[in-house]
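Build out the structure end to end from the sequences listed, making use of the hints.
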Amino acid sequence: MSADTSLAEPSARAGQEKADRTARRRSALLRPGAPWQLPVVIVLVAIGSALVTPGFLAADNIRAILITSSVTGVVAVSMTAVTLSGHFFSLSTEQTALLGAMLFAWLVGSDTPVLLALLVTLAVVALTGVVQGVVVAIGLNPIITTLAAGSVIGGLVAGISHNENIMTGDASLSWLGTAQPLGIPAVVIIFALVTILCTFVSSGTVIGRQTLLTGANSKAAVLAGVPVKVVAVVVFAMVATGSGLAGIMTASTLGYASTAMFATLTFDVIAAVLVGGTSIQGGSGSPLRSAGGAILISEINSLMLLNNVTSGMRMLVQGALVLAVIALLHTRRTR
Amino acid sequence: MTEGPLSVEVRGVSKRYGAVTALDDVDFELRPGEVMALLGQNGAGKSTLVKVLSGLVAPDSGTVSIAGAPVALRSSSRSQGLGIAVVQQEYSSVPNLTIAENLVLGQASAPAVWSKRRLATQAREHLGRVGLAGLDPLTFVSELSVAERQLVEIARVLSRDARILLFDEPTAALSDAEIARVLGVVRSLAEDGRSIIYVTHRLPEVFAVADRVTIFRDGRSLAPVATSELDVDAIVTLMLGRKLDVLFPERSETSSDPLLVVDQLKSAGLSTPASLVVRSGEILGLTGQMGSGAGAPVRAIAGCDPVETGTVTVAGEQVSLAHRSSGIGSGIAYCSSDRQLDGIFAGLTIQKNLSSPWLGDVSRRGVLSPTAERRLAQDAATRFAIDVKRLGSDVATLSGGNQQKVALGRWTAGSARVLLVEEPTRGVDVGARAEIYHRLRLLCEQGLAVVVASSDTAEVFGLCDRIGTFSRGELTALRDHDEWTEAELVRQVMHSGAAGAA
Numbered sequence: 001m002s003a004d005t006s007l008a009e010p011s012a013r014a015g016q017e018k019a020d021r022t023a024r025r026r027s028a029l030l031r032p033g034a035p036w037q038l039p040v041v042i043v044l045v046a047i048g049s050a051l052v053t054p055g056f057l058a059a060d061n062i063r064a065i066l067i068t069s070s071v072t073g074v075v076a077v078s079m080t081a082v083t084l085s086g087h088f089f090s091l092s093t094e095q096t097a098l099l100g101a102m103l104f105a106w107l108v109g110s111d112t113p114v115l116l117a118l119l120v121t122l123a124v125v126a127l128t129g130v131v132q133g134v135v136v137a138i139g140l141n142p143i144i145t146t147l148a149a150g151s152v153i154g155g156l157v158a159g160i161s162h163n164e165n166i167m168t169g170d171a172s173l174s175w176l177g178t179a180q181p182l183g184i185p186a187v188v189i190i191f192a193l194v195t196i197l198c199t200f201v202s203s204g205t206v207i208g209r210q211t212l213l214t215g216a217n218s219k220a221a222v223l224a225g226v227p228v229k230v231v232a233v234v235v236f237a238m239v240a241t242g243s244g245l246a247g248i249m250t251a252s253t254l255g256y257a258s259t260a261m262f263a264t265l266t267f268d269v270i271a272a273v274l275v276g277g278t279s280i281q282g283g284s285g286s287p288l289r290s291a292g293g294a295i296l297i298s299e300i301n302s303l304m305l306l307n308n309v310t311s312g313m314r315m316l317v318q319g320a321l322v323l324a325v326i327a328l329l330h331t332r333r334t335r
Numbered sequence: 336m337t338e339g340p341l342s343v344e345v346r347g348v349s350k351r352y353g354a355v356t357a358l359d360d361v362d363f364e365l366r367p368g369e370v371m372a373l374l375g376q377n378g379a380g381k382s383t384l385v386k387v388l389s390g391l392v393a394p395d396s397g398t399v400s401i402a403g404a405p406v407a408l409r410s411s412s413r414s415q416g417l418g419i420a421v422v423q424q425e426y427s428s429v430p431n432l433t434i435a436e437n438l439v440l441g442q443a444s445a446p447a448v449w450s451k452r453r454l455a456t457q458a459r460e461h462l463g464r465v466g467l468a469g470l471d472p473l474t475f476v477s478e479l480s481v482a483e484r485q486l487v488e489i490a491r492v493l494s495r496d497a498r499i500l501l502f503d504e505p506t507a508a509l510s511d512a513e514i515a516r517v518l519g520v521v522r523s524l525a526e527d528g529r530s531i532i533y534v535t536h537r538l539p540e541v542f543a544v545a546d547r548v549t550i551f552r553d554g555r556s557l558a559p560v561a562t563s564e565l566d567v568d569a570i571v572t573l574m575l576g577r578k579l580d581v582l583f584p585e586r587s588e589t590s591s592d593p594l595l596v597v598d599q600l601k602s603a604g605l606s607t608p609a610s611l612v613v614r615s616g617e618i619l620g621l622t623g624q625m626g627s628g629a630g631a632p633v634r635a636i637a638g639c640d641p642v643e644t645g646t647v648t649v650a651g652e653q654v655s656l657a658h659r660s661s662g663i664g665s666g667i668a669y670c671s672s673d674r675q676l677d678g679i680f681a682g683l684t685i686q687k688n689l690s691s692p693w694l695g696d697v698s699r700r701g702v703l704s705p706t707a708e709r710r711l712a713q714d715a716a717t718r719f720a721i722d723v724k725r726l727g728s729d730v731a732t733l734s735g736g737n738q739q740k741v742a743l744g745r746w747t748a749g750s751a752r753v754l755l756v757e758e759p760t761r762g763v764d765v766g767a768r769a770e771i772y773h774r775l776r777l778l779c780e781q782g783l784a785v786v787v788a789s790s791d792t793a794e795v796f797g798l799c800d801r802i803g804t805f806s807r808g809e810l811t812a813l814r815d816h817d818e819w820t821e822a823e824l825v826r827q828v829m830h831s832g833a834a835g836a837a
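Residue numbers (the numbering used here), protein chains in the order written: chain A, 1 to 335; chain B, 336 to 837.
It is possible that part of the hints are untrue.
Pairwise CB distance ranges, derived in the manner of DEER restraints [claimed, not checked]:
1) B:H773 to A:P39: 46 to 52 Å
2) A:G183 to B:G727: 38 to 44 Å
3) B:T648 to A:V134: 30 to 36 Å
4) B:Q653 to A:L147: 40 to 46 Å
5) A:L51 to B:H658: 58 to 64 Å
6) A:L328 to B:G727: 22 to 28 Å
7) B:A603 to A:M315: 50 to 56 Å
Calculated directly from the structure, the hints in this document are not laboratory data.
All of these numbers come straight from a predicted model, not from anything done at the bench.
Don't be surprised by glycine CBs; every beta carbon is placed ideally from N, CA and C.
Given below as structure tokens:
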């Protein structure tokens, strides 16, 4: 029924094919969500903001934007694997980050060496992710599983800490929280490193490719020998580790951990992933995009802060931005 | 049989899909109160005619008359309005609703608000007509057997007061006793004066239920013949003579060492253990009707279906059948029948599709090698005549035939030694079809062992070196190609299951 190009007359099809390719390339560039668009939008928003708000591009403000985007960004970047694999999102990032912050602050506060505290904390949060991944691999809905896991983790943390602040109380933390090699805050460097690592895992490794295949078509992935259950465990371990790291970053910067932290983290992270352009259905997107999404959201928030926009209004704008991007990118992709 | 206008009269109907002629100047007639069997091989045009009559497909030319009056069947609701109804297969009922609720589904006259009791009373009447009087209409459909669901489907059609019923292979999934029940209901409906078109692949059912038989061949219709004037051989002869519109590649010499050995395999879909041997350089064909189990060994060897007993070895090494990935590790490639559903990663590039089963071969310590992946993809693309310059394009931008080539071609890269293919050319146009046969034969010549499971007997007969037939989950015959004639193969497939089948 459909024309089979490879069976067509070779001489006749050469010119046609070249034209086809050019047309395809052009439409790929203009398609909403093409890779070049997000950086361009970030730069345009920065220039526009600088015009209406003097001081927007001051070094301090840029640093502030990057610092606020790093915590969300680290989680968004590690969340991308979950979304790419077709398991939508983890809804337990808030509580996992809190667990990471509390555990790390407590360990450091009770004189554990910082490096050891870091490794222990990451191992514990990763374990919570593995458990959630196993449950999802068995066949439970990822949204419900992570929602429930978040409740359990949050309840445990609140119960054990009695909702009291835990102070890190140690000067040796300063390098993590406040060091600024070359004027770049440590948390921003961590954000950059995590982005590079996750992007490499996603595009350059077998497990990353298996994640993508699972998200693109999980039935076909099973038939192609992709261990889809292992993929589920790995992606949920990744997002939990990223969330825990975000908790450590926050506790280090502030010098304490409190159950009041991370109140809007999960929504911010999902917003960053979606604004970055990773497909909700999975199979398309990248951690790098989510990093861009986190920076763009942080940039717009900064603009509103500098112009004394109320917090309610800021939430409204962020919500509207997510809706607009979904309308633009994601609805086009639904088959 | 009552005299008067024909219930259905089709004259000179043609339907083309692109280069494919599905119906070519077809005539068809159906008298009131008669059961007309519609027979023909795959692709002969039976289902297209069913679609025309049910209003799903508009013919390019020709006329359809219902009860003597010419009609235009522009939509399925128009067709329903004229009293035509298609009895869907059993799985079109909604399991989580009761029988009574299922009966009113999709009915234009259904009330917006209904009471359970009123629905149940109506339902009871219709259930009685299909021999299900003993069933409580408030039973959930999920609790019924397959045959009962099929009968509920019929009741659903009756509740719309259809005068012309189309049955499209209604017994594919049923046991003998259940078939007898369905056939009994079909007969009694005809005695009520309804007209019935009965599409099937099973000859015993034709003789049990049909008054006359219309045979389709290559999109053309033969004149109807009374069943009493026919026997099995006559029907098979009428059905054959299909044009050789597809050129099959020549068979080559088969080397003698067995590559794939399947011993006493029993898995989902097989009622009796099956043993098979496939040599390197050989194509084994497995064929049978829908639900016959011809595809079952293939899925089990691939590691997709749970296996009860039996062993599989490739080149003497035993293969674990627990997972698809362990099969791939042993060099067993498997291509499922529904490639749109589970053979293609739409949205990903052709290269990523081609390399998907062989990530272990193009990586080192878990890190992908872009050059190795590209080389593997180019290799597979060249072998299956896929445009190498388009490896970076989304596979979904390819035509259907080319997508099939990607789905099949990816298994020829990497370390495949055995290739299992279900329905290799379902939904493929003639050009791509010949090419796929040609490529399969080439792979064989490179030393692969190929197993093709297909319900298309012409394809199996034309392509394969050895052919096994299945019926009711049992391997009923396994012979070299030269020991079969096509007529014998068709008869074996259509008639086995009846007592003393040849």
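These are the hints, each one checked on the structure:
no.	hint	verdict
1	B:H773 to A:P39: 46 to 52 Å	holds, 48 Å
2	A:G183 to B:G727: 38 to 44 Å	holds, 40 Å
3	B:T648 to A:V134: 30 to 36 Å	holds, 33 Å
4	B:Q653 to A:L147: 40 to 46 Å	holds, 44 Å
5	A:L51 to B:H658: 58 to 64 Å	holds, 59 Å
6	A:L328 to B:G727: 22 to 28 Å	holds, 24 Å
7	B:A603 to A:M315: 50 to 56 Å	holds, 53 Å
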